[in-house]
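Chemist: So the chains spell out like this:
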Amino acid sequence: MNIVLQNLTKIFPSRNKKSGEEVVAVNNFNFEIPDGKLIGLLGPSGCGKSTTLYMISGLQKPTSGRIFFGDDDVTEMSTENRGIGLVFQNYALYPHLTVKQNILFPLQNLRGKDKMDKNAMLDRAYEAAKLVQIEQLLDRKPSELSGGQQQRVAIARALVKMPKVLLLDEPLSNLDARLRLQTREEIRRIQKETGITTVFVTHDQEEAMSISDMIVVMKAGIVQQIGKPQDVYDDPANLFVAKFLGTPPINVFSGRVQEGHLYIGEDRIIDVKGVPDQEVVAGIRPEGFVLSDGGPLTCAPVNVEVMGRDVSVVSTHPASLNPLVRSIINADNRIELGDSPVRYAIKPRKLFIFKKETGERINFEVK
Amino acid sequence: MSQSVMKVMQGRDLRKTSARQKITHILSQAGIYLFLLLMAAIVLFPFYWMIISSLKSLVEYRLSPPTFWPMQALFSNYADAFTTASLGVLFKNTMIVGLVSTLLSLVITIFTAFAFARLQFKGKELLFAALLATMMIPGELFTITNYATVTHLNITGTYTVLIVPFLVSVFYIYLLRQNFLQIPNELYLAAKVDGTSDMKYLWKVMVPLSLPTLISITILKMMGAWNSYIWPRLVANDPEHRLITNGLRNAFTDTTGDVNYPVQMAAVALVSLPLFLVFVFLRKYIMSGVSRSGIKG
Amino acid sequence: MVESKQQWKAWLYLSPAIVLLLIFTVWPIINTVAMAFMEDYSGLAKIGGDTAFRFGIGNFAKVVQNADFQQALINTVLLCVISVPISTILALLIAVALHAIKPLQKALQTIFFLPYVTNSIAIGMVFAAMFNVIGSVGTRRPLISSYGIVNDIIRFFGGNWVNWINSGSEHWANMFVLITYIVWNALPFKILILLGGLTGINKQYYEAAKVDSTPRWRVLTRITVPLLSPMLAYVVITGFIGGFKEYTSIVGIFGESMGPVHAKGSMNTMVGLIYDSLASNNQGRASAAALILFGIILVVTLINLWVSKKHVHY
Numbered sequence: 001m002n003i004v005l006q007n008l009t010k011i012f013p014s015r016n017k018k019s020g021e022e023v024v025a026v027n028n029f030n031f032e033i034p035d036g037k038l039i040g041l042l043g044p045s046g047c048g049k050s051t052t053l054y055m056i057s058g059l060q061k062p063t064s065g066r067i068f069f070g071d072d073d074v075t076e077m078s079t080e081n082r083g084i085g086l087v088f089q090n091y092a093l094y095p096h097l098t099v100k101q102n103i104l105f106p107l108q109n110l111r112g113k114d115k116m117d118k119n120a121m122l123d124r125a126y127e128a129a130k131l132v133q134i135e136q137l138l139d140r141k142p143s144e145l146s147g148g149q150q151q152r153v154a155i156a157r158a159l160v161k162m163p164k165v166l167l168l169d170e171p172l173s174n175l176d177a178r179l180r181l182q183t184r185e186e187i188r189r190i191q192k193e194t195g196i197t198t199v200f201v202t203h204d205q206e207e208a209m210s211i212s213d214m215i216v217v218m219k220a221g222i223v224q225q226i227g228k229p230q231d232v233y234d235d236p237a238n239l240f241v242a243k244f245l246g247t248p249p250i251n252v253f254s255g256r257v258q259e260g261h262l263y264i265g266e267d268r269i270i271d272v273k274g275v276p277d278q279e280v281v282a283g284i285r286p287e288g289f290v291l292s293d294g295g296p297l298t299c300a301p302v303n304v305e306v307m308g309r310d311v312s313v314v315s316t317h318p319a320s321l322n323p324l325v326r327s328i329i330n331a332d333n334r335i336e337l338g339d340s341p342v343r344y345a346i347k348p349r350k351l352f353i354f355k356k357e358t359g360e361r362i363n364f365e366v367k
Numbered sequence: 001m002s003q004s005v006m007k008v009m010q011g012r013d014l015r016k017t018s019a020r021q022k023i024t025h026i027l028s029q030a031g032i033y034l035f036l037l038l039m040a041a042i043v044l045f046p047f048y049w050m051i052i053s054s055l056k057s058l059v060e061y062r063l064s065p066p067t068f069w070p071m072q073a074l075f076s077n078y079a080d081a082f083t084t085a086s087l088g089v090l091f092k093n094t095m096i097v098g099l100v101s102t103l104l105s106l107v108i109t110i111f112t113a114f115a116f117a118r119l120q121f122k123g124k125e126l127l128f129a130a131l132l133a134t135m136m137i138p139g140e141l142f143t144i145t146n147y148a149t150v151t152h153l154n155i156t157g158t159y160t161v162l163i164v165p166f167l168v169s170v171f172y173i174y175l176l177r178q179n180f181l182q183i184p185n186e187l188y189l190a191a192k193v194d195g196t197s198d199m200k201y202l203w204k205v206m207v208p209l210s211l212p213t214l215i216s217i218t219i220l221k222m223m224g225a226w227n228s229y230i231w232p233r234l235v236a237n238d239p240e241h242r243l244i245t246n247g248l249r250n251a252f253t254d255t256t257g258d259v260n261y262p263v264q265m266a267a268v269a270l271v272s273l274p275l276f277l278v279f280v281f282l283r284k285y286i287m288s289g290v291s292r293s294g295i296k297g
Numbered sequence: 001m002v003e004s005k006q007q008w009k010a011w012l013y014l015s016p017a018i019v020l021l022l023i024f025t026v027w028p029i030i031n032t033v034a035m036a037f038m039e040d041y042s043g044l045a046k047i048g049g050d051t052a053f054r055f056g057i058g059n060f061a062k063v064v065q066n067a068d069f070q071q072a073l074i075n076t077v078l079l080c081v082i083s084v085p086i087s088t089i090l091a092l093l094i095a096v097a098l099h100a101i102k103p104l105q106k107a108l109q110t111i112f113f114l115p116y117v118t119n120s121i122a123i124g125m126v127f128a129a130m131f132n133v134i135g136s137v138g139t140r141r142p143l144i145s146s147y148g149i150v151n152d153i154i155r156f157f158g159g160n161w162v163n164w165i166n167s168g169s170e171h172w173a174n175m176f177v178l179i180t181y182i183v184w185n186a187l188p189f190k191i192l193i194l195l196g197g198l199t200g201i202n203k204q205y206y207e208a209a210k211v212d213s214t215p216r217w218r219v220l221t222r223i224t225v226p227l228l229s230p231m232l233a234y235v236v237i238t239g240f241i242g243g244f245k246e247y248t249s250i251v252g253i254f255g256e257s258m259g260p261v262h263a264k265g266s267m268n269t270m271v272g273l274i275y276d277s278l279a280s281n282n283q284g285r286a287s288a289a290a291l292i293l294f295g296i297i298l299v300v301t302l303i304n305l306w307v308s309k310k311h312v313h314y
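Protein chains in written order, with our numbering: chain A, 1 to 367; chain B, 1 to 297; chain C, 1 to 314.
Note that these hints are calculated values from the structure, not bench results.
Misleading hints may appear alongside valid ones.
Computed list of lysine-lysine pairs in DSBU-like fashion (alpha-carbon distance at most 35 Å, straight line) [to be verified]:
id	chain 1	residue 1	chain 2	residue 2
1	A	K37	A	K113
2	C	K309	B	K124
3	C	K62	C	K210
4	B	K204	A	K115
5	B	K284	C	K106
6	C	K203	B	K284
7	A	K141	B	K92
8	C	K102	B	K284
9	B	K124	B	K284
10	B	K284	B	K200
11	C	K310	C	K245
12	C	K106	B	K22
13	C	K102	B	K22
14	A	K37	A	K355
15	B	K92	C	K245
16	A	K61	B	K200
17	B	K200	B	K122
18	C	K210	C	K309
19	C	K245	C	K106
20	A	K350	A	K243
21	B	K284	C	K245
22	B	K204	B	K122
23	C	K264	C	K245
24	A	K100	A	K113
25	C	K210	C	K310
26	A	K141	C	K264
27	A	K61	A	K192
28	C	K106	A	K141
29	C	K9	B	K204
30	C	K9	B	K200
31	A	K192	A	K118
32	A	K115	C	K9
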């Protein structure tokens, strides 16, 4: 089932009645979430991603705009009736119930024609437990489980009523690094197996990029860009998106366009035909640097960080907006840094220019 | 002081001190135990005296010097006490009042605490502050008008008058609300997602999670009924509705002089027994409830 | 988080409590204050009381001038001022001692809590029995068959027996019995609170004191008591409040005559006086007395808070 968000807006009244201003948490969000896909809502904290998720769940009511599940307008429908599954950041397992009872809980709430008999409920619970591989934990209490196991129980509880929509709120943030990698694969697998339309919220761009079919990048309540992870990475709509995606982050420089050339400081980097003269911000992905004796970008070397497969060359440049310029170089050949400047050639597809005032992307033709 | 001298001093001092320390430690521990056991004996003495007196014959009780163990245990005192004070009726009345008022009080407390902990409504903070403020006022101030009220309503001498005026306890509401607030908000949201109504969430999640507090409240409330004296004497001191404490006081009006103490002590022991049993089995809940309350009953 | 537009639902949950509170808590506050200023008002027209009244502070004047009230006030203040410090210090010593031992700690803790779960009338009767003298007391040549266990113990140690509560007993002896009972009764709660406080104190303070080889007594007065001061303040304040509302202990020991046979009412307290006024169908005077009691409790509590603010160390 697809989910349509139409002009979705959420405004929180200010806490302080006299002086405070109201907060626009989500501003005019339009998106159609395709059926059966895994969507990552991504952004820094306070960008409105969780609010959006909660509006889809019905736990929060939009100030304006509409939400459709398929053809049904669910904007006014209360959470209980939406038939969604939601996994909370801290899992919210009922501490006094066993794993089995936790998973059964949503089924016991079904009324009317959906009402199930005991055996059917048990079957369904076992099925869900099997899907997340916790069959052997069914009689334990949540306090006797590790974080990863609790997470699985929470997913099983969300899945057991076979929701048409599965929502995950920062599902991995409480797990340690190794478990996080493992669990995100797991989520991907479960989503693929069940084919449930899934929306998950995260502030970790790597997490979002690695498992989502599509990502939505948000900032201050406004959607910045929607697209497949690779597309968004390769073709960011603005400086914010370019900076938010990618580790190590993109290197940004103040630059200017003059007579069809891009200058960073005094270095003339590449041709940008058709772009009018102006001050710009230039962003270069770390993997966009190529060591080249005749290269146009000249940096002062600081040190070399060996990361195994790759090598990161850290240097400085007077026009850099960050203290350090970080490039990632294929480690086939050893790199010895002397005191002499390092010179880089730049891969044109890994370089983006943005308007200085708005951060809006300026497109140019790559030869 | 040179280093070698210091070393020598330390060596000697340490050996001596550690021996002295051991002795002081043993002595002080012995002193502490002595003090505690003495105090415990004093604390327990009235109970001991109550029980042995209740088993003596009147003649033995009057002996001077007294006996510290009954020469012959006279259990008939208990039977006498039971009939003299008609304890059967008193037990029954007190159980009825105690059970009904505890049950109703729990329901009201749960609903009220739920509203204050979980629901949003205008004036919530103000109303709660006002409730807490009433806790400072001594109960006697309420009793005066409540006495007039129940007289006007013509419900004196009924179970109702013993139950209804004390159903709402601000303190219990406060206690339970604090407990409810500790339950994370996500559980409520999760229950919403799972399709649960407020009412069902309250009974299936919040109440089970607050069970220790609810048990504490139940015990304290039951003890309150068992020990209440002033209000029942004022409004329902007739034989059909009289409660245990009043019954005890009414049956044995004389406390001094040549009273039949063995029977009186037997009655006192019978009245104390249920409290004692509750204490033995539910000590944990009583102590945790009391340490947060500071109110008796 | 969840925007519940159903305000009515909250009020529905609250309604039973609110209705009962309005009748049995809010109305009494208003009415009692009003009645206190209504002179010669009984409030119980139904059972033949007088309903004609005029406003004034006559009730307060009558209460304050009443010799019984003065006696009750002296009794109440006396038993507070004596019993609260004694029970607090004893409880502190017991709590500290309990905290210092390992074997038997739980068992002793249980024993010390036992007096809490008692019926104060019932155990008051036990205390009366322990102090009671059987025989003709108060006559010129007393003929005693039993001195009572307390006197027996005194005599065993070579002391003279005392007429504690029988006819002809003196006021101080009555007071002694009462205060003994009140202290016995007040210990469990205080021990519980103080022991709870002690377990909450960070062990590092004691380890630091040990490193500095601080003597035991100094540890108690310089570390334990200051760190325990919030709990001490709490038990003192609740002790005073409880003391000012003392009533059933006296009924337990002396019966409803509130005093030994020859001096009925001599052991009466503030609360007892309020109920006497009620029983004699004088609601106005009862209300005035209740308000005075409330005022005294408030003032004493404020003084306590003020003192503890100066001395409570954090």
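Chemist: Against this structure, judge whether each hint is valid.
Modeler: Structure-based check of all given hints:
{"no.": "1", "hint": "A:K37 - A:K113", "in the structure": "29 Å, holds"}
{"no.": "2", "hint": "C:K309 - B:K124", "in the structure": "31 Å, holds"}
{"no.": "3", "hint": "C:K62 - C:K210", "in the structure": "61 Å, violated"}
{"no.": "4", "hint": "B:K204 - A:K115", "in the structure": "18 Å, holds"}
{"no.": "5", "hint": "B:K284 - C:K106", "in the structure": "11 Å, holds"}
{"no.": "6", "hint": "C:K203 - B:K284", "in the structure": "25 Å, holds"}
{"no.": "7", "hint": "A:K141 - B:K92", "in the structure": "42 Å, violated"}
{"no.": "8", "hint": "C:K102 - B:K284", "in the structure": "19 Å, holds"}
{"no.": "9", "hint": "B:K124 - B:K284", "in the structure": "33 Å, holds"}
{"no.": "10", "hint": "B:K284 - B:K200", "in the structure": "29 Å, holds"}
{"no.": "11", "hint": "C:K310 - C:K245", "in the structure": "26 Å, holds"}
{"no.": "12", "hint": "C:K106 - B:K22", "in the structure": "25 Å, holds"}
{"no.": "13", "hint": "C:K102 - B:K22", "in the structure": "17 Å, holds"}
{"no.": "14", "hint": "A:K37 - A:K355", "in the structure": "34 Å, holds"}
{"no.": "15", "hint": "B:K92 - C:K245", "in the structure": "29 Å, holds"}
{"no.": "16", "hint": "A:K61 - B:K200", "in the structure": "22 Å, holds"}
{"no.": "17", "hint": "B:K200 - B:K122", "in the structure": "24 Å, holds"}
{"no.": "18", "hint": "C:K210 - C:K309", "in the structure": "29 Å, holds"}
{"no.": "19", "hint": "C:K245 - C:K106", "in the structure": "32 Å, holds"}
{"no.": "20", "hint": "A:K350 - A:K243", "in the structure": "13 Å, holds"}
{"no.": "21", "hint": "B:K284 - C:K245", "in the structure": "28 Å, holds"}
{"no.": "22", "hint": "B:K204 - B:K122", "in the structure": "27 Å, holds"}
{"no.": "23", "hint": "C:K264 - C:K245", "in the structure": "20 Å, holds"}
{"no.": "24", "hint": "A:K100 - A:K113", "in the structure": "23 Å, holds"}
{"no.": "25", "hint": "C:K210 - C:K310", "in the structure": "28 Å, holds"}
{"no.": "26", "hint": "A:K141 - C:K264", "in the structure": "63 Å, violated"}
{"no.": "27", "hint": "A:K61 - A:K192", "in the structure": "30 Å, holds"}
{"no.": "28", "hint": "C:K106 - A:K141", "in the structure": "30 Å, holds"}
{"no.": "29", "hint": "C:K9 - B:K204", "in the structure": "19 Å, holds"}
{"no.": "30", "hint": "C:K9 - B:K200", "in the structure": "14 Å, holds"}
{"no.": "31", "hint": "A:K192 - A:K118", "in the structure": "29 Å, holds"}
{"no.": "32", "hint": "A:K115 - C:K9", "in the structure": "27 Å, holds"}
Hint compliance for this structure: hints 3, 7, 26 are not met, and every other hint is.
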